[in-house]
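Chains as they are written, first to last, in the numbering used here: chain A, 10 to 459; chain B, 10 to 459.
Simulated from the structure, these hints should not be mistaken for laboratory data.
Don't take each hint at face value.
Where chains are identical, the list cannot tell them apart; a pair therefore holds if satisfied intra-copy or between any two copies.
Simulated pairs of lysine to aspartate or glutamate, EDC-like, Cα-Cα distance not exceeding 20 Å [what the hints assert, rightly or not]:
(1) 28 to 350
(2) 96 to 85
(3) 69 to 79
(4) 69 to 109
(5) 62 to 325
(6) 387 to 37
(7) 16 to 150
(8) 277 to 400
(9) 217 to 291
(10) 425 to 448
(11) 69 to 103
(12) 217 to 229
Protein chains: 2
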Amino acid sequence: MNVSIPKGTRDFTPVEAIKRKYLFSLIETVFQKYAYVPIETPTIENLSTLTGKYGEEGDKLLFKVLNNGDFLRKADQNAISEMDSHKLAPSIADRGLRYDLTVPFARFVVMHQHEIQLPFKRYQIQPVWRADRPQKGRYREFYQCDVDVVGSDSLSYEAEFVQILDEVFTALGIRVQIRLNNRKILAGIAEAAGVSDRFSDMTTAIDKLDKIGWDGVFNELEQRGIPATAQNRIREIFNDPGLDSLKDVFLDSRTGLLGIEEVEQVQKYLANQDLGNAFVFDPTLARGLSYYTGCIFEVNALDFEMGSISGGGRYDDLTGVFGLKGVSGVGISFGAERIYDILEGLGLFPENLTAGPKVLCIAMDQEAHLYGFDVVSKFRRAGLHADLYPDPVKLKKQMKYANQSGAEYVVIIGEKEMETGLLTFKHMESGNQEEMAPEAFISRLEQGEA
Amino acid sequence: MNVSIPKGTRDFTPVEAIKRKYLFSLIETVFQKYAYVPIETPTIENLSTLTGKYGEEGDKLLFKVLNNGDFLRKADQNAISEMDSHKLAPSIADRGLRYDLTVPFARFVVMHQHEIQLPFKRYQIQPVWRADRPQKGRYREFYQCDVDVVGSDSLSYEAEFVQILDEVFTALGIRVQIRLNNRKILAGIAEAAGVSDRFSDMTTAIDKLDKIGWDGVFNELEQRGIPATAQNRIREIFNDPGLDSLKDVFLDSRTGLLGIEEVEQVQKYLANQDLGNAFVFDPTLARGLSYYTGCIFEVNALDFEMGSISGGGRYDDLTGVFGLKGVSGVGISFGAERIYDILEGLGLFPENLTAGPKVLCIAMDQEAHLYGFDVVSKFRRAGLHADLYPDPVKLKKQMKYANQSGAEYVVIIGEKEMETGLLTFKHMESGNQEEMAPEAFISRLEQGEA
Numbered sequence: 010m011n012v013s014i015p016k017g018t019r020d021f022t023p024v025e026a027i028k029r030k031y032l033f034s035l036i037e038t039v040f041q042k043y044a045y046v047p048i049e050t051p052t053i054e055n056l057s058t059l060t061g062k063y064g065e066e067g068d069k070l071l072f073k074v075l076n077n078g079d080f081l082r083k084a085d086q087n088a089i090s091e092m093d094s095h096k097l098a099p100s101i102a103d104r105g106l107r108y109d110l111t112v113p114f115a116r117f118v119v120m121h122q123h124e125i126q127l128p129f130k131r132y133q134i135q136p137v138w139r140a141d142r143p144q145k146g147r148y149r150e151f152y153q154c155d156v157d158v159v160g161s162d163s164l165s166y167e168a169e170f171v172q173i174l175d176e177v178f179t180a181l182g183i184r185v186q187i188r189l190n191n192r193k194i195l196a197g198i199a200e201a202a203g204v205s206d207r208f209s210d211m212t213t214a215i216d217k218l219d220k221i222g223w224d225g226v227f228n229e230l231e232q233r234g235i236p237a238t239a240q241n242r243i244r245e246i247f248n249d250p251g252l253d254s255l256k257d258v259f260l261d262s263r264t265g266l267l268g269i270e271e272v273e274q275v276q277k278y279l280a281n282q283d284l285g286n287a288f289v290f291d292p293t294l295a296r297g298l299s300y301y302t303g304c305i306f307e308v309n310a311l312d313f314e315m316g317s318i319s320g321g322g323r324y325d326d327l328t329g330v331f332g333l334k335g336v337s338g339v340g341i342s343f344g345a346e347r348i349y350d351i352l353e354g355l356g357l358f359p360e361n362l363t364a365g366p367k368v369l370c371i372a373m374d375q376e377a378h379l380y381g382f383d384v385v386s387k388f389r390r391a392g393l394h395a396d397l398y399p400d401p402v403k404l405k406k407q408m409k410y411a412n413q414s415g416a417e418y419v420v421i422i423g424e425k426e427m428e429t430g431l432l433t434f435k436h437m438e439s440g441n442q443e444e445m446a447p448e449a450f451i452s453r454l455e456q457g458e459a
Numbered sequence: 010m011n012v013s014i015p016k017g018t019r020d021f022t023p024v025e026a027i028k029r030k031y032l033f034s035l036i037e038t039v040f041q042k043y044a045y046v047p048i049e050t051p052t053i054e055n056l057s058t059l060t061g062k063y064g065e066e067g068d069k070l071l072f073k074v075l076n077n078g079d080f081l082r083k084a085d086q087n088a089i090s091e092m093d094s095h096k097l098a099p100s101i102a103d104r105g106l107r108y109d110l111t112v113p114f115a116r117f118v119v120m121h122q123h124e125i126q127l128p129f130k131r132y133q134i135q136p137v138w139r140a141d142r143p144q145k146g147r148y149r150e151f152y153q154c155d156v157d158v159v160g161s162d163s164l165s166y167e168a169e170f171v172q173i174l175d176e177v178f179t180a181l182g183i184r185v186q187i188r189l190n191n192r193k194i195l196a197g198i199a200e201a202a203g204v205s206d207r208f209s210d211m212t213t214a215i216d217k218l219d220k221i222g223w224d225g226v227f228n229e230l231e232q233r234g235i236p237a238t239a240q241n242r243i244r245e246i247f248n249d250p251g252l253d254s255l256k257d258v259f260l261d262s263r264t265g266l267l268g269i270e271e272v273e274q275v276q277k278y279l280a281n282q283d284l285g286n287a288f289v290f291d292p293t294l295a296r297g298l299s300y301y302t303g304c305i306f307e308v309n310a311l312d313f314e315m316g317s318i319s320g321g322g323r324y325d326d327l328t329g330v331f332g333l334k335g336v337s338g339v340g341i342s343f344g345a346e347r348i349y350d351i352l353e354g355l356g357l358f359p360e361n362l363t364a365g366p367k368v369l370c371i372a373m374d375q376e377a378h379l380y381g382f383d384v385v386s387k388f389r390r391a392g393l394h395a396d397l398y399p400d401p402v403k404l405k406k407q408m409k410y411a412n413q414s415g416a417e418y419v420v421i422i423g424e425k426e427m428e429t430g431l432l433t434f435k436h437m438e439s440g441n442q443e444e445m446a447p448e449a450f451i452s453r454l455e456q457g458e459a
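Excised from the complex, chain A in its bound form:
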């Protein structure tokens, strides 16, 4: 029998699930300290909510849920006779799977606008689905960890996100560089180069800098028909891209100057904060063709070859598409799947993230098994992860299980133990053995001595 799961999806075994819980929970703890609160949105959204929000390419990658019951009754008959799948889909699928956490968040804010108070600081850690071609590190079902605030223009939030990024990666033990830029600075550069009308061509090209280098970028600008004079001006500007030099460049660009002011204000908030990681202004950071309008962030690991592992920025009009205008938002997203791979690759998961119990008891006979049941119950009442092998079968078989269980201590219960009430705790890693009553073992652990 051929049993499988769909391409691009994954099972998580206990060891993996425990590591993922560690990662999500660490990130969540930081979000909570910064006074962000959780929301959850449904896996299934109306396709009218999702469609048109992610570009044409995104629409193609949406997973659509077939209508229940006699779905052909309302099917587009023309599409059927033309055998046009693309045209037929909307008439037989009203709903789709969540594609990201930003659009559902915007929808949530609009639907619950009278229940929430602005600024609204929320985090959301949930899976999303994309019908992308699966490849190494790219899945069709994967988690996003998003933290956003809507309803305020304050740059203190941008500063807060730098702190959150810094704190999460410090806690994980991953050394990173946090880069900050502002889309208004990029707009100012386009203005200074006389290609304001080609802003997205320019940012798209610059966005590829990490991958293709400056030669590649200028090659791309050329291909996109950016005039040579403009290319030269852009080259000049990026030759000396400090904030002070940019101020000179932006003498005639209010937008550019505003971008610099915003970056400087973020730096001001952070002036007294000791960040654990490098935090730099990087005018080459572009964040692709996104909807960002203000500050943008991106994070790269220093000790591991991997694209950006976190990023975000400010978008002036998050909820406008759902009819609520003028609500500014800023947020970041942690690339949980990539971060997981780095933690694994660099051996940074804590050693105590084990699937094994603290104590595993095994029994010599049926009477000892009943006795053992009471013993593990005692351990569990004390909050210890404890287990009892389910049957008093041959010791060899039980010890084989014990060895593979990852148990920290193993206790064998027989006649002697039942008589004296004293158990021998074998520490599996060191092989050390020590005899004591269950209560003594518990109180020793409680005092953090075992």
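We have chain A; now place chain B onto it with these hints.
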């Protein structure tokens, strides 16, 4: 603009999400103490994995995911010309959404049989989807909390599940009755009444006892064509349904006697355990037409009108349908959505489950705002949930936000505070105010005195 979410799905606001996290996390903590480990399976499974596992009715309730791309290319042309949705579906939808956690678990065990060791004790807390008609308390997307062990016949696990049920509901503060029966006892009763061949008719009728009473049950037995003599025998048996009386009834039923032995063995394991809730043998417990073959459990709340809020049992052949024979399993499931409603209804959620921060700072002017940024950073470094209103706007507006934020303490920062370094902490509930340095506030909280 009409913004909505699909029927039967829900958004969870911060207060709800925090309460749900409390519930799941409490249940999870108990599972972990009993040495169960987490797994996660994908939301999307192959329909071949799901179809045929939940009966004809269940198949209809499966959410199907439309194939990506030009799905009509492989569509069943006959089904299209006949306009037969039911027939067409399998040719345009290869995948569906998880319907429960048991079938994916069985699939997981088969696929990972060489990575896991038996007995394998797993828990799984994930949402499932059913295209049921939504109604009060019934959703199309809802969570299940399952805990199962496979690969052992030991009745110590049945005893363990009674403990887990008892411990979870005690910790939640919900008084319950835990009922235990055994399908073999029901089989013995059918045998004694001479209707072994009508076993499922009998159990289906008895399963409705809570809802329709004994008169209704016998009415249903009559309608299902169970002979009057058999009905009388069944009535007789249930007139005196203690374990000892049943032993006499089962003199000629090995199956019935085995069922009694199993129940008694579970009771034996639990003999020295002080359970916090009523734990009773109830031969009328049937658990419908399920695949259970041994012990079965069900839990009802004593102080709240609600159907069963937890249940489970042993199934002899969990993985057989995926080609791995002879693997026995036993498990229980917590009805998280119903339990949530009871906690809400009885006011049992802890009071400190608030979406508000511990301290909220508000600033009188821009300079104080920068100062405030450093102050909240201090609180956060100490692990406190702390926040700063994003702009030094009019005090009235900030205080309105503070009042609605659910903050426990509010601090106003102005010139005086910046000069002295002392802040006035206003306890919002009592109105009490106290002046101290941030460090003093932190150390007081650390000593659990604030």
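Hint-by-hint comparison with the structure:
{"no.": "1", "hint": "28 to 350", "verdict": "within (11 Å within a copy, 31 Å between copies)"}
{"no.": "2", "hint": "96 to 85", "verdict": "both (8 Å within a copy, 18 Å between copies)"}
{"no.": "3", "hint": "69 to 79", "verdict": "between (25 Å within a copy, 11 Å between copies)"}
{"no.": "4", "hint": "69 to 109", "verdict": "within (14 Å within a copy, 29 Å between copies)"}
{"no.": "5", "hint": "62 to 325", "verdict": "within (16 Å within a copy, 49 Å between copies)"}
{"no.": "6", "hint": "387 to 37", "verdict": "between (32 Å within a copy, 19 Å between copies)"}
{"no.": "7", "hint": "16 to 150", "verdict": "within (10 Å within a copy, 23 Å between copies)"}
{"no.": "8", "hint": "277 to 400", "verdict": "between (65 Å within a copy, 15 Å between copies)"}
{"no.": "9", "hint": "217 to 291", "verdict": "within (14 Å within a copy, 69 Å between copies)"}
{"no.": "10", "hint": "425 to 448", "verdict": "within (17 Å within a copy, 55 Å between copies)"}
{"no.": "11", "hint": "69 to 103", "verdict": "both (15 Å within a copy, 17 Å between copies)"}
{"no.": "12", "hint": "217 to 229", "verdict": "within (9 Å within a copy, 72 Å between copies)"}
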